[in-house]
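Colleague: Single-letter residue listing:
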Amino acid sequence: MSDSIDLTYVRTEMLPEQTPPTNAIGAVRWVRENLFNGILNSILTILSILAVIWIVMAIGPWLMNSIWNSDSLSQCREILTAAGSVNHEGTHGACWGVIKERWPQLLFGFYPSELYWRPTVTFVMMCIAIAPILFPSVPRKVLWFSAAYPFLAVFMLWGGSIWVTITAALGFFLGFAALTGLAGFGTLVATTGAILIPILYWLFGWTPLSDGLTNIMPWGIEPVTTSDFGGFMLSIIIGLSGIVLSLPLGILFALGRQSNMVLIKTVSVVFIEFIRGVPLITLLFTASLLLNYFLPPGTNFDLVLRVIIMVTLFATAYMAEVIRGGLAALPRGQYEAADALGLDYWKAQRLIIMPQALKISIPGIVNTFIGLFKDTTLVVFIGLMDPIGLASAIRANSAWQGIYWELFIFIGAVFWIFCFSMSRYSMHLERRLKTDHK
Amino acid sequence: MAMDSGAPKESFRLSMLLYDSRYRSYTIQIFVLFCLMLGAAWLVDNTIKNLAALGKDFSFSFLWNVSGYDISQRPIEYTSTSTHARAAIVGLTNTIILAVMGCVTATVLGVLAGVLRLSTNWIVARLMTIYIETFRNIPALLWILVFGAVMAEAMPAPRDFRGADATASMSLFDSVAITNRGVYVPGPLFDRSLGSVDLGFISPSLDALAFIVVVILSIWANKRLVNHATAVQNATGIRPVTWWKSILTLFVPAILLLLALGFHLEYPALRGFNFSGGIQLRSSLIAMWLGLSVYTAAFIAENVRAGIMAISTGQSEAAAALGMQPGKTMRLVILPQAMRVIIPPLISQYLNLTKNTSLGLAVGYMDLRSTLGGITINQTGRELEGMMLMMLIYLVLSLLISSAMNVYNNRVKLKER
Amino acid sequence: MNTIAERAIDRSHMTVSDEVAIQISNMNKWYGTFHVLRDINMTVNRGERIVICGPSGSGKSTLIRCINRLEEHQAGQIIVDGIELSSDLKNVDKVRSEVGMVFQHFNLFPHLSILDNLTLAPIWVRKTPKKEAEEVAMHYLEKVKIPEQALKFPGQLSGGQQQRVAIARSLCMKPRIMLFDEPTSALDPEMIKEVLDTMIELAEEGMTMLCVTHEMGFAQAVANRVVFMDQGQIVEQNEPKEFFNNPQSERTQLFLSQILGH
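Protein chains in written order, with my numbering: chain H, 1 to 438; chain B, 1 to 417; chain V, 1 to 262.
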């Protein structure tokens, strides 16, 4: 070691930025890093490309030869033969004529065609009603429309006297009035009143009142029976009702399962485990076959309504489990802080616990919604005309006998759009709410 | 202890039922119990009245009547003169067969797709994303119908295999025939069969039983071998090489047994207008199996991906910093943690798949729902009893699966603390 | 510690009145069969600043959690502000809105902004109009010296800031008694000071405080009484000067030697 090494160094000139060596940029580099980095990856890439080619070769010509103008499968096949779109298995081309001809039916079922405007308007109103719930930028006042929407929708779709709907809605006003009016007597009394008074009203006051009003002022629109409901309209009715009803019920059962009251906990656990333990289809059969045994002799109410109840109960059990997971993920300190500030159980739940638990469980909740919407197809087994039921009905018609893929693709695509948008929205929501934290 | 500290003894007031934590929960529970009893009484009363009005009683004796219908897929002996109970058991067996087949395939496909979706290979990851998003977002029933239609419409009829100008041919060295009636695969035959034992209710084949016993014994022996290796490692620090011993213990006894029984395969062959010989997997089974497998696999793939991603990179860095090789890091650090995240949702997917087997009716698969919950109910008019029994059976199946999950959860939970 | 010693503390308002704020007599508590609190007797007058210390597991946290009934005691009596804590839920609610509590891990509500954290209880429990509640909240945020953070979320603040927000949150309920459950144990050293300063200011204004802490400097500067607990019992209590300079019990001496020894 010599002392004479000069350790001082001062840079006098800054280096300019330089471009990397050419072999490391652009498409070549990308391909090498993402597709051919290693033997295994190269094999996978080649296999994937082969698979894509095989799929395109199998489906491509079939799609390319699509025929939109035909009134029957045989006519379509004639056109295809004439155009030379034939392979060894016969004609090779998609016959979209069935969609062109039958799409109103796939959307609305056997709803009277001159009344198609009613479900259409209801659907548009649905988009408006859910907008403020989905997007915070929509004015909050639209929420009042959202609250009124269920009644509007029922009136528009089922038709009949307007008083049935209005007097039914009155029950909720009575409940709300009881909640605020009895607030002075304590939360428990007010809640009990808010539950009991509307139920009593619906059991005993509703029908006479609406009948009376209808007799005085017979205002209404043409009624449509639910046996005419069908197609995606039916799927959306069942799915949306199930979604809207199962969330609050799910919260209640999740809280029930967490309760330290033995009876409440047992009831919740038995309900949740029973519903989760049996296939939805058995519940639907219960709705269609067994409900007549359990209700007073002579009662017979709408099959669609029964299905909605069963689907809701089914989704409720799953929802409860999802929300319970969210509750379990909350630190104990949150409960303690709420207690220490003097918030009572329901206020603590509403203001502190639920907002956080629900946020944690968003992915699970939306997955339950998606599952519920997909499960609406099961109603075909009890004879309701959902899109899949209609597909069979269309095939039963001699003109379209033997048509499968076009119908499946159309139905699948519509379901896919709904479910995929829901899952994307949930991701968006998670990101949006995440800004709350660091 | 010191209760006599002059605490003002309050007399009981009615409002204490609601505002005293000692009584409040009892008040609420008694109220709920009252409502529940009322509701239950109302339901039972209605049911009794309705049954009386229909002139029916409540009895399960119909189960012992002759069923009078055929079931195409019969894993155990069954004819149309068998009882409804036996039909239900055939259905249940079919449900279980489908569920087991589906779970195995869905797991393999799902793990593969989940791992590949995390691949750095752009095209593979994209393809897997497309697969997962497509299958997850379209109803299972539609997929079952699609696979049903593929089997029924796109597959050749047995007669297409005939003659010199056959348009279809058998696959896999002429051993498998895929037709629109189902898939015919080679079946096992034994020259020196042990026969079967008649238990009255079912008559299982002794060959199969012997095979199962030998496999279980081999697995047990292998486990002892591995335990011994671990013991040696713990004592000396050096793990003896066991892989070839493991292979020998696992496979040689089974192969010896098969040789002793004179095992050979029976290949399906075209006789007349149909295939015979081997095992026929009916179109309905294939459609259900494929439909449920690829549908559930898409969900499993997402669980697997989430499980792997849940393990922070810190864990592999920590293991690497301790000088562990990648293989050991995976086996000893990453996998045990990832499994803890993956297994619970995996088992609930099994549960879903098992429940979805009840969609069998869509393609005519004769599962529990189609036998007991379908034809039997229609023929006997015993909706109430039939549905209750069916729900009970499904419930027991589900509870068995979820108790397996609970056992697993408790085991990993114990390890955690 | 020297930071507190250097600080000029205004004791003019720190007066102990004769009025009893908390009366605990013969109180006992068990977790299952484990006897956590044994025969606790304690009277806290209005204006007192009490520091409770003791080894971990000595029951000190449990004791102050009993005072607003986050934990239930099984025997004996706790009277807070003339209200007895019993199974009567109305009394519990009354006591909780009179007594503020600050936790070791802050327990702010992460889904609400700082301002919403502060106004939540006044609006929903005290039924204060929103505008008024917000004014009060801003007043206390200024007092804990972070008014500029009002619209941020808890996750965006440092630990010390979060704890000051938690103190402000309790103050918004205008409590007559404040309980602190190891308010500085989860904080980095440089943040402890800002929280202690806030607590000292509170003391200077004459707040009745019960504080579980290991900050002995704080105890010496502010407390009028130090309570030492071990094995669920009050072992010794005294004025801070006497307590630190002349501990009587062997356990106290051991504890002090451990905590001050390094």
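Note that these hints are calculated values from the structure, not bench results. Cβ atoms here follow ideal geometry from the backbone N, Cα and C, with glycine treated the same way. Check each hint, because a few of them may be wrong.
[Unchecked claim] Distance condition first, Cα-Cα at most 20 Å in a straight line; then the derived SDA-like pairs of lysine to any residue:
#: 1; chain 1: B; residue 1: Lys56; chain 2: H; residue 2: Pro296
#: 2; chain 1: H; residue 1: Lys359; chain 2: V; residue 2: Leu112
#: 3; chain 1: H; residue 1: Lys347; chain 2: V; residue 2: Trp124
#: 4; chain 1: V; residue 1: Lys130; chain 2: V; residue 2: Leu112
#: 5; chain 1: H; residue 1: Lys265; chain 2: B; residue 2: Gly272
[To be verified] Label-pair ranges, simulated between beta-carbon atoms:
#: 6; chain 1: B; residue 1: Ala229; chain 2: H; residue 2: Met427; range: 41 to 49 Å
#: 7; chain 1: B; residue 1: Leu43; chain 2: H; residue 2: Phe172; range: 23 to 31 Å
#: 8; chain 1: H; residue 1: Trp68; chain 2: B; residue 2: Asp160; range: 39 to 47 Å
#: 9; chain 1: H; residue 1: Phe145; chain 2: B; residue 2: Met37; range: 54 to 62 Å
#: 10; chain 1: H; residue 1: Leu47; chain 2: B; residue 2: Asp70; range: 40 to 48 Å
Colleague: Sort out whether leucine 112 (chain V) lies within 20 Å of lysine 359 (chain H), counting only the CA atoms.
Modeller: holds, 12 Å
Colleague: What's the verdict on lysine 347 (chain H) and tryptophan 124 (chain V), does the C-alpha distance respect the 20 Å limit or exceed it?
Modeller: The given pair, whose Cα atoms are some 8 Å apart, holds under the 20 Å limit.
Colleague: Please verify whether lysine 265 (chain H) and glycine 272 (chain B) have alpha carbons no more than 20 Å apart.
Modeller: violated, 64 Å
Colleague: Cβ-Cβ distance between phenylalanine 145 (chain H) and methionine 37 (chain B): within 54 to 62 Å?
Modeller: The hinted range 54 to 62 Å is violated for phenylalanine 145 (chain H) and methionine 37 (chain B), with Cβ atoms some 42 Å apart.
Colleague: Does the hinted range 41 to 49 Å hold for alanine 229 (chain B) and methionine 427 (chain H) at CB?
Modeller: holds, 47 Å
Colleague: Does the Cβ-Cβ separation between leucine 47 (chain H) and aspartate 70 (chain B) fall within 40 to 48 Å?
Modeller: Holds - the Cβ-Cβ distance for leucine 47 (chain H) and aspartate 70 (chain B), about 44 Å, lies within 40 to 48 Å.
Colleague: For the range 39 to 47 Å, tell me whether the beta carbons of tryptophan 68 (chain H) and aspartate 160 (chain B) fit it or not.
Modeller: violated, 32 Å
Colleague: Lysine 56 (chain B) and proline 296 (chain H): Cα distance at most 20 Å?
Modeller: Cα-Cα ~16 Å, so holds.
Colleague: Would the hint linking lysine 130 (chain V) and leucine 112 (chain V) be met if the CA-CA limit is 20 Å?
Modeller: holds, 15 Å
Colleague: Does the hinted range 23 to 31 Å hold for leucine 43 (chain B) and phenylalanine 172 (chain H) at CB?
Modeller: holds, 27 Å
The structure does not agree with the numbered hints 5, 8 and 9 stated previously, though it agrees with the rest.
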